[in-house]
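Engineer: Order-wise, the sequence lines are chains R, B and H.
With the numbering used here applied, the first sequence covers 1 to 201.
With the numbering used here applied, the second sequence covers 1 to 201.
With the numbering used here applied, the third sequence covers 1 to 201.
Calculated directly from the structure, the hints in this document are not laboratory data.
Be aware that a few hints might be false.
Note that identical chains are pooled: a pair holds if it fits in a single copy or bridges any two copies.
[Said to hold, decoys possible] Lysine-lysine pairs mimicking BS3-like chemistry, simulated, CA-CA at most 25 angstroms apart:
no.	residue 1	residue 2
1	K26	K199
2	K147	K81
3	K199	K85
4	K199	K80
5	K147	K26
6	K81	K192
7	K85	K27
8	K81	K26
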Amino acid sequence: MDFIYCIDVIGTFVFAISGVLAAIDKKLDVVGSIVIGFVTALGGGTLRDVLIGKTPVGWMGDTNYLLIVLAALPVCYYFKKYVMKARKSLFIFDTIGIGLFTIFGVEKALSIGLSTPICVMMGIVSAVFGGVIRDIILNEIPLIFRKEIYASACFVGAVVYVTLGMFDLSQQVSMLISIGLVILIRYFSVKKQWELPFKPK
Amino acid sequence: MDFIYCIDVIGTFVFAISGVLAAIDKKLDVVGSIVIGFVTALGGGTLRDVLIGKTPVGWMGDTNYLLIVLAALPVCYYFKKYVMKARKSLFIFDTIGIGLFTIFGVEKALSIGLSTPICVMMGIVSAVFGGVIRDIILNEIPLIFRKEIYASACFVGAVVYVTLGMFDLSQQVSMLISIGLVILIRYFSVKKQWELPFKPK
Amino acid sequence: MDFIYCIDVIGTFVFAISGVLAAIDKKLDVVGSIVIGFVTALGGGTLRDVLIGKTPVGWMGDTNYLLIVLAALPVCYYFKKYVMKARKSLFIFDTIGIGLFTIFGVEKALSIGLSTPICVMMGIVSAVFGGVIRDIILNEIPLIFRKEIYASACFVGAVVYVTLGMFDLSQQVSMLISIGLVILIRYFSVKKQWELPFKPK
Chain R
1 MDFIYCIDVI GTFVFAISGV LAAIDKKLDV VGSIVIGFVT ALGGGTLRDV
51 LIGKTPVGWM GDTNYLLIVL AALPVCYYFK KYVMKARKSL FIFDTIGIGL
101 FTIFGVEKAL SIGLSTPICV MMGIVSAVFG GVIRDIILNE IPLIFRKEIY
151 ASACFVGAVV YVTLGMFDLS QQVSMLISIG LVILIRYFSV KKQWELPFKP
201 K
Chain B
1 MDFIYCIDVI GTFVFAISGV LAAIDKKLDV VGSIVIGFVT ALGGGTLRDV
51 LIGKTPVGWM GDTNYLLIVL AALPVCYYFK KYVMKARKSL FIFDTIGIGL
101 FTIFGVEKAL SIGLSTPICV MMGIVSAVFG GVIRDIILNE IPLIFRKEIY
151 ASACFVGAVV YVTLGMFDLS QQVSMLISIG LVILIRYFSV KKQWELPFKP
201 K
Chain H
1 MDFIYCIDVI GTFVFAISGV LAAIDKKLDV VGSIVIGFVT ALGGGTLRDV
51 LIGKTPVGWM GDTNYLLIVL AALPVCYYFK KYVMKARKSL FIFDTIGIGL
101 FTIFGVEKAL SIGLSTPICV MMGIVSAVFG GVIRDIILNE IPLIFRKEIY
151 ASACFVGAVV YVTLGMFDLS QQVSMLISIG LVILIRYFSV KKQWELPFKP
201 K
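Model the full assembly from the supplied sequences, consistent with the hints where possible.
Structural biologist: Next up, the structure:
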C-alpha cells in the first residue's frame with residue numbers, strides 16, 4: 001500500500017515538527033524535544049494500536065518512523081528563525097496532518113474488522129490524541145477540548161470516508177475526498193472563527 | 001451474563017454524567033465534554049483491559065457503551081440547572097458507580113486467570129482510574145490521592161468479593177454484598193469525614 | 001535468569017522509594033503514595049510491555065513486584081526523617097535504578113525480536129517513563145525533559161549494550177559494563193553539571 005504509506009510518512013513529519021516547536025517554546029532541552037516530537041507525531045496512532053490490540057505498535061515494525069521524527073529536530077533547531085517566522089503558515093501543515101491521520105486511522109481499524117462507529121472514533125483518536133498527549137505532558141488543558149473545531153473536522157471526514165466505502169469508488173478517490181474535507185473544514189473554521197453551536201443551557 | 005451487563009451499563013452512565021459535569025465546570029466545549037465523559041466512564045476499564053491484554057478493549061465490541069456516554073451529554077447540557085442543583089446528591093451515583101465498577105473489574109481479571117492480589121488491584125484500577133485520567137487531562141492532582149477514602153473503599157470491597165468467592169455463595173449474592181460494602185464505606189467516609197490513619201512520621 | 005531477576009527487584013525497590021518520597025512532598029495520602037510509588041517503579045516497564053504487546057504486563061505474573069512497592073511505603077513513612085536527611089545520597093539509588101532498568105528493558109525488547117533501534121528506545125522508555133508518568137500525575141513538566149542528562153545516559157548505555165552483544169562476551173559482563181556506564185555518566189553529569197550541547201539556533 002504505497003499510497004497509504006506515503007500519506008503516513010508526510011503526516012508524521014509534519015506533526016513531529018509541530019511537536020518540536022511546542023517543546024522549544026516551553027524551553028525543553030533536546031531530549032524533551034525529541035520525546036514531544038515523537039509523542040505528537042506517533043502518540044495518536046500508538047494509542048489506537050494499543051486500544052485495538054495491534055502490538056507491537058505500528059512504528060516498531062518500521063524504523064523509518066523513528067528517523068522521520070529525529071529528522072524534525074535539526075530542521076527546527078537550525079532553521080528555527082525561519083520556521084518561527086513561518087509559524088502561522090505552519091498551521092496548514094498541521095491541518096493536512098489531521099486530515100491524513102484521520103483517514104489512515106479509520107482504515108487501520110476497518111482492517112481488523114471493528115464496527116463502523118468504533119472505526120470513526122479510532123480515526124479521530126489517531127488524528128487528535130498525539131496533540132492531546134503532548135498537551136498533557138506539557139501541563140496544559142488540551143486546546144482542542146476548549147474551543148476549536150478540530151476533532152469535529154476529523155469526525156466529519158471519518159464519517160464521509162466510511163460512507164463512501166459503501167459505494168463503488170476506488171480507495172484512493174475516497175481517501176482524497178475525505179482528507180480534503182477534513183482540511184477544508186479545519187481551514188475555514190480557523191479563518192472564519194467558526195465555533196460549535198452546542199452550549200450547556 | 002445479563003446481571004453483570006446491567007451493572008456495567010448503569011455504572012457507565014453515572015460516571016459519564018460526572019465527567020461531563022467536570023468538563024462543563026472547566027469551560028470545555030462539546031468535544032472536550034464528550035472526551036472527558038468517555039474517559040471518566042470507560043478510562044478505568046480501558047486501562048485494565050490494556051494492562052491484562054484483553055484487546056480490542058471491552059467497549060469496542062459493544063457500541064452501546066459509546067451511545068451511553070453520548071447520552072450523558074444532552075442530559076447534562078439541557079438539564080444542567082437541575083443537575084447542578086442536585087450536585088450533592090449526585091455524589092450517591094458516583095458512589096454506586098465505584099461499587100459496581102470495582103466488582104466488575106475484579107470479575108474480569110479473575111476470568112483470565114490472574115492471581116488474587118492482581119485481580120483485587122484491577123478492580124480498584126477499573127473503579128478509580130477513570131477519575132484519575134480525567135483529573136490528569138484537566139490538569140489537577142487527582143483528588144483521590146490527596147485525602148479521601150475512595151480507593152480504600154474499593155480495596156475492601158474487592159477483597160471481600162474474592163474472599164466470598166471461596167465459599168458456596170451464588171455470584172449474584174457475593175456481588176451484591178461486596179458492592180453494598182463499597183457503597184457503605186464510601187458513603188459514611190464522606191458523611192463522617194473519615195480519614196485514613198496512616199501519616200508519615 | 002536469576003541475575004536479571006535480582007537486578008529488577010533492586011531497581012524496583014529503589015524507584016518505589018523515590019516515588020513515595022515525591023508523593024509525601026506533595027502531601028498525598030497513603031493511597032496516593034502507593035500509586036505514585038507503583039507508577040514510578042513499574043510505570044516505565046509497564047509502558048514498554050504494553051507497547052511491545054507483552055500482556056498481561058510483567059508484574060502481573062509475579063506478585064513480588066507488588067509487595068516490593070508496598071514495602072517502600074513503611075520504609076518512607078517510619079524512617080522519613082532519616083530518609084529525608086539522606087535525600088541527596090538517595091540520588092545514587094535513583095542513578096543505579098536507571099542503569100539497571102535501561103539494560104533490563106533492552107533485554108526484554110531483544111527477547112521478542114524487535115529491531116535494534118527500537119530495543120534501545122525501549123530501554124530508555126523502561127528507565128525514564130516511570131518518572132515521566134509520576135511527574136505528569138503530580139502535575140509537573142517532567143524534569144528530565146528540561147535540562148538534565150538522564151535519558152541521554154540511558155541512551156549511551158543501551159547502545160553500548162547492544163554493541164557488546166555482537167562480541168563474544170558473557171551476558172553478565174555486557175550488562176555490568178553497560179549498567180556501570182549509565183551510572184557513571186549520570187553521576188558525573190550531576191556532579192559536574194554537564195549539559196547537552198544542542199540548543200535551538
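Engineer: Against this structure, judge whether each hint is valid.
Structural biologist: Going through the hints against the structure:
| no. | hint | verdict |
| --- | --- | --- |
| 1 | K26 / K199 | between (32 angstroms within a copy, 13 angstroms between copies) |
| 2 | K147 / K81 | between (29 angstroms within a copy, 22 angstroms between copies) |
| 3 | K199 / K85 | between (36 angstroms within a copy, 18 angstroms between copies) |
| 4 | K199 / K80 | between (39 angstroms within a copy, 10 angstroms between copies) |
| 5 | K147 / K26 | both (22 angstroms within a copy, 12 angstroms between copies) |
| 6 | K81 / K192 | neither (28 angstroms within a copy, 32 angstroms between copies) |
| 7 | K85 / K27 | within (18 angstroms within a copy, 32 angstroms between copies) |
| 8 | K81 / K26 | within (16 angstroms within a copy, 35 angstroms between copies) |
The structure fails to meet hint 6 from the earlier list, while all remaining hints are met.
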